[in-house]
Amino acid sequence: MKASLDTNVIIHLYRANQENLLHNFFTDGILIYEQIRNIELRNHGQDILDRLDQDILGGKIQLYTDKRLRELNVFRIFCENVKENKNLYGSGDLGEIYAISLAQTLGAYSLVTDDIKQGGPYMSLLQFIDNDIMPFTFVDIILLKYLSSEGGNS
7 MKASLDTNVI
17 IHLYRANQEN
27 LLHNFFTDGI
37 LIYEQIRNIE
47 LRNHGQDILD
57 RLDQDILGGK
67 IQLYTDKRLR
77 ELNVFRIFCE
87 NVKENKNLYG
97 SGDLGEIYAI
107 SLAQTLGAYS
117 LVTDDIKQGG
127 PYMSLLQFID
137 NDIMPFTFVD
147 IILLKYLSSE
157 GGNS
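Residues in the sequence shown are numbered consecutively from 7, following the working numbering.
Because the hints were derived from the structure by calculation, they are not lab data. Bear in mind that the values here come from a model prediction, so they are computed numbers and not experimental data. Keep in mind that the hints are not guaranteed to be accurate.
[Claimed, not checked] Label pairs and their calculated CB-CB ranges:
#: 1; residue 1: K66; residue 2: N44; range: 17 to 25 angstroms
#: 2; residue 1: Y115; residue 2: I62; range: 17 to 25 angstroms
#: 3; residue 1: E86; residue 2: N23; range: 35 to 43 angstroms
#: 4; residue 1: K66; residue 2: Y115; range: 16 to 24 angstroms
#: 5; residue 1: N23; residue 2: K73; range: 30 to 38 angstroms
#: 6; residue 1: M7; residue 2: I83; range: 20 to 28 angstroms
#: 7; residue 1: N30; residue 2: E90; range: 26 to 34 angstroms
The C-beta atom is built at its ideal place from N, Cα and C for all residues, glycine as well.
Could you build the full structure based on these sequences and the hints that come with them?
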């Protein structure tokens with residue numbers, strides 16, 4: 007399964023030294039948009055940037071820049087998704103908007119976020135059964151990891 011990540015879930019899991027939950031669960035790829043790495047994490051997660059950058063360099067996480075999206079010929083689609091998501095959710099949390107827009111654009115099945123506010127992407131995506139994106143919180147991932155382990159022992 008492939009996933010696009012929001013800012014705070016990266017911060018929470020890396021600070022808890024549990025980023026392997028992401029790597030083990032989302033084996034088809036972990037995606038983040040450059041704005042999340044370059045602005046939001048610089049402002050709120052400076053302490054985990056070196057480890058995140060190592061995972062990007064090591065290929066565990068794919069960083070998508072505007073340039074890369076243009077090379078893939080999907081930049082305009084991404085911009086339209088961003089515009090639509092800003093209209094749906096407001097522009098208060100750009101991390102969520104960019105994460106969900108990246109998932110929509112690149113066909114990632116999952117959005118991983120910690121924001122479960124009423125009317126936000128997590129709750130909205132859960133309500134639309136025919137939606138192509140399944141939202142997860144980091145708590146969901148921990149529970150799924152536990153339930154999928156042999157008898158809950160690992």
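Could you check the structure against the hints above and give me the numbers of any it violates, in ascending order? Result: no hint breaks.
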